[in-house]
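Whenever a hint applies, use it, and build me the whole structure from the sequences.
So the protein lines, in turn, are chains D and R.
Its first residue numbered 1, the first sequence is counted upward by one per residue in the working numbering.
Its first residue numbered 1, the second sequence is counted upward by one per residue in the working numbering.
Source of the hints: derived by calculation from the structure; they are not laboratory data.
Treat each hint with caution, since some may be false.
Derived CB-CB ranges, DEER-like [stated by the list, open to error]:
| # | chain 1 | residue 1 | chain 2 | residue 2 | range |
| --- | --- | --- | --- | --- | --- |
| 1 | D | 155 | R | 812 | 26 to 32 Å |
| 2 | D | 28 | R | 439 | 45 to 51 Å |
| 3 | D | 89 | R | 13 | 31 to 37 Å |
| 4 | D | 95 | R | 17 | 34 to 40 Å |
| 5 | D | 34 | R | 5 | 30 to 36 Å |
| 6 | R | 11 | D | 230 | 30 to 36 Å |
In this text, a Cβ means the ideal position worked out from N, Cα and C, and glycines have one as well.
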Amino acid sequence: MTTTHLGTPPPPTTRLAAQARALTKTYGAGSAQVHALRGVDLDLPAGRFTAVMGPSGSGKSTLMHCLAGLDVPTDGAVAVAGQALHAMDDAALTRFRRDQVGFVFQAFNLLPTMTAEQNITLPAALGGRRPDPELLAQVVEVLGLADRLGHRPGELSGGQQQRVAIARALVGRPAIVFADEPTGNLDSTSSAEVLGYLRRSVRELGRTVVMVTHELEAAAYADDVVVLADGRVREHLVAPDRARLVAALAGPGATEVVR
Amino acid sequence: MRAVLLASLRAHLRRYVAVGLAVGIGVAFVVVTGAITSATRDGLSAGVGAPFEGAEVVATGVDPRRLDRLHESAAADGARLSVVGSAQVPVRPEGGVGEDLFVGELPGLTDPPTWPVLVDGRFPRADGEALVDARAAELGPVAVGDTLRVGEDDAAVEVTVVGTSDPGPTSAANAVYLRWDDLRRFADAMYVEAVAWAGPGSAEEQGAALAAALGTRGAAESVLPAREYVDEQVVAANDGVDVLATMLLVFAAIALFVAVLVIANTFTILFAQRRRELALLRCVGATRRQLQRAVRLEALAVGSAATAVGLLAGAALGHLVVAAVRSRVPAAGLGDASAGPSWYAAAAAVGVLVTVVAAWSPTRRAVRVPPVAALAPDDDTRLTTGAGRLRLAAGVGAVSLGAALLATTVALDGEGPALLLMLAGGIVSFSGLVLLGPVVVPGLVRACGAAAARVAGPTARLAADNAVRDPRRTSAATASLLVGVTLTTAVLVGVASTRAVTDDEMAAQHPLDAGVTRTAGILPADAARRLAAVPGVARAEAVPGVVARVAGAGEVTVLAPDEVDDVAGLSLDPSVTGGIADDEIRLPASVLNELDVAGRVAVRVGDATVRLRPVIGDVTGEGALVAPAVLDRLAPQAGVGAVWIRAEDGTGGDDLAADVGAVAASYDAEVTAGLSRRDAVDLQLTIVTAAVVGLLGIAVLIALAGIANTLGLSVLERTRELALMRALGLTRARLRATLALEGVLLAVVATVLGTAVGVVFAWVGLHTIIAPVVATTPVVLPVGQLALVVAVAALAGLLAAALPARRAARITPAAGLTAD
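Structure follows, in C-alpha cells:
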C-alpha cells in the first residue's frame, strides 16, 4: 500500500473482526440496577476504521470493554477474531487480550516507570516474546517516535504519549485495535495527528480499529460509525457523510439537525 | 474543620492499619514489660521474706563454726533459731548416683515450720529424718520413705526422707533439709546467709540475746531487726529486676524507633495520595494553619486509638505471659502481674508521643501543597526524585563521621571511652546510612531485580521497577526492617564469635568429655572396658595411677597419662596434660590450696617417696598428674587411676554424665562431666541468642507491617496502572507474583544490607567488649543462621505482600481505564 490510498476508504469486506449477539450487560442489583447494554447485535468488518458514538450513558465504553475482553457480559455472545470470548476464563481472556487486541486509552496509557520503547514492547514481553523488529522499526518510523524511544512518559507531550500507545497497539499485529476516547485529553493539532495515525494504520498496515468517541470531529476520520443509544445499536452507518451522521446522532425523534 | 477531620478519619481508617499496628505493638511491649517486671518483683518480695517468717531479729555475717554454740545458746535462752544457708554436699539415693546438692537446716522458727510448704509426707521430727524439695525429689528420683546417704566417707550420714516440700519463689531454698544434729557435721562447709532468731522478750532484748549468743566482740556479724533485713533483701533483689526491666525497655525503645519510621512513612504516603484533596480544602478557604491542625489532630486521633488498643492488648498479653510462665516454669518464681498505673500512663504517653513525633514532618510537608494543585490534572506520570543534595551530603558526612568513630573505637582496644564511642559511632553511621537510603537501596533493588529477571523474566523487571519508583518511600520502608536485621545480625555474629572463644576456653578448662576417678582410690582393671560400653562413649581410656599420700593433703590419686599430648586419641590440649616435668605434680586447686606452694611436697606410696614441686592443674577431676617416670618410681605396678572418656559426636552432656555416672557409682567413683559443663555454657549462649533475637523480632514485626502497608498503599495508588497492565495481558497470577516479588525484593535488600552492616558492627563490638578480655577474637560468621535470617526475611516479605497482592488481583482490567 502507498500513501496514495489515503483518504480512500477500503471496500467493505465480508470478513468479520468482531461480532456481538444479544449482548447484555447489567450492573448492580435491585433498584440500583443499571442496564448498560440491552441486547446489542453488531458485526464489525475487518480492515476498517469504525467509530462507536453515542451520548453519555449510551453504553459505548461498556460495549468496547465487552468486545475487548476487558469485561464479561451478563448475557449474549461475543466473538473476536473467530474466538468466543464469553466462554473464556480470566487467564484465557488475558492471553487473548495480549495476543489479539491492541489498546489506546484516553489517559493512563503508559507505565510511568518504563521508557517509550519498553512500553511499546510490553505486551510482547508479558507474553515472553520479542516483537518483530522490522514491524517495530516501521511503526516507530510511521509514528515519528524514533528519537523518543528512550524517554519516559513524563518526558513526552500528550500527543507523543498517545502515539507511543498507538505504536504499542500496532506492533503486536492484533486482530483488532480498540481506542477509547484517544483524543480526549489532546489539543486539536495533536488530536488530528493521532486520528490521522489511526486511519493510516488501517489504510497502510491493514489493521482493524474500533474507536469510542463522542466527538464528531474524531468520528469524521472513521470509515463507518455505529451509533448507540440506551444500550442498543441505533444505527450502523457505512461511510456516512456528515449530514447523515448528525441526523443519526440526533435520533429519530429529532426534527432539526443539531449544529 | 471538625467535619473534615471526622470524614477523613472514616474514609481512611483502613489505611491507618500499619500506624495502628506499629503504635499498638510498641505500647503493648511496654505494658508487657511492666507486667513481667511487677510479677518478678512481686514474686521476689514474697519469696525473700518467707524463710524469715516469725523471726524477730536476724544476724548476718555469722561464722559457720559458731553455729553449734549458737544452737546451744538458743536452747538455753528458750529461743527458736533457724539458719538460712546451705552446704554443698554429695547426696546419694540408695542404688542411685551421687550428686552435689544444697543441704540446709530444717527451719525451726515455728513448729511445724510455716516455710517451706509441705507437699507430701510430714516434717522431720527426729534425727535421721529429712525433708526433700519436691522438684529435687522428682529429678532424683526420690520418694517419701527412701534412704539418702548425705556426705561421703566418715562424715556421711544416712537419713530417711519423710516429706517433700515446695519453697515457693525464693533464693533461700535447699534441696535437702536436715535437723541440726544431722547437719552440724557439714557446718564448716556451710555458706550462711543469715541466722533468724525468735526468742522471748522485746525486740531489743532478743537482739541483745542473739548478740550475746554470738559472743559478738566487734566481729563481722551484725544483728538487726528481721523486718529491716527482709526489706534490704527485697531492695537488693529488685535491683536485679530493674536491670531486667531496663533491658526489656531497650528492646521496646528499638521497636518504638522502628515504629516511628513506619508511621512517618505511612503518613508521608497517605498525605501524598491526598494532595489534591488537601489542595481543594485550601481552594475553598482553609488556611494552612487550619489544615495543619486538622491533619495533626487526625494523627493524634489515630495514635490515641492505637494506644488504647495497645494498652488493652498489652494488659491481656502480660497476664497471659505471666500466667503461662507461672504454670509452666514455677521455678521462675513470678508473682502476680499487676503493672502499676505508672506503667500504663508511661506506655500511653509513649504511644501518643511516638505518633505525634512521627507525623510531625509529614504533616508539615503535606500542608505546603499550593491550592492550585487541586485544579491541575492528575499527574500520574510524576516520578519522585531521589535524595536532595543536602540529604546526600548529610548522609555521606554522617557515615564518614560514624566510620571514623568506629575506627577510633577499634584502635582503643576497649580502653577508655571505647564503649561510648562505639555506641555513638554506631548510631551516627546508621543514621547516615538511612539518609543515603534513597540512593543505596534502589541501586541494590535494581541489582537484585536484574538477577531475579534472569529467572523470573519480565515479572521480576516489573517488580524491581515498581519497587524503586519512589526511592524515598522504598528506602523508608526498608530502613525500618534494616534496624531489626542489623541488630539481629550483630547479635548472631557476636554470639557466634564469643562462642568460638568460650568453646576454646571451655575445651581448655574441661578437656575431657568425662573422667572417672575415685578420691583416694583406684578403679578396677575392667573399668575402661565397662565404661567403653556405655552408650555415647566413643573411647574410654584407662590412665595408670596409684593412691599416694601427699604430705599436708592426705591421700590423693596420682595419675600418669602416657602419651601426654594425645592420650589415646583424646586430643587434649598439650598445655593441659603435656610437658609434665619429672619434678612436678599437678594438683587440683582444692588440694593445692591446703599446701605451702612455695616448697616441694613429699609424695609417698608405701616405702617409695619422691619430693615434687606442686603446680595447679585443676582440669582432669580429682586426680593429680605426674610424669610416667615419677609414677614408675612410686609404684612400678600401677593400677587404673582414672578412666578418661571421649564422647561420640552429638551426645548430650547430661545424658553422658548420667550414663557414665551409673557405672561410676558402682565403683563409688566420681564423674568429672566436662561435656556436660560445656553443654551448659553452650545452652546459656543459645538462650541469650534466642531471647535477644526474639525481642528484636518484635521490631522486625513492626517493620514488616510497614512494608505491607507501603505495598498496600501503592496498590491503591496504582489501581489504574495495574488495570492497564491487566488489559495489556498481565494475568492475575502474574500480577500477584509481581507484587509478591516486590515485597521479597524490599525485604531481601534490607536484609542483605542489614547483614553487611551488622557484621561490621559485630566486629567493632567484639573489639571493644570481648577483645580486652580474650586476646584473639576472630569474627566468626554463623553462615547458616545468617542465611536463615535472609530466608525468613524473604518469606516475611512474601507474607507482607500477600494482602496487597490479593487486593491488586481483584482490580478488573476495565476499572479505571475510562477517565470520564
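### Query
Which of the stated hints cannot be reconciled with the structure, identified by number in ascending sequence?
Nothing - there is no hint that the structure violates, so all of them hold.
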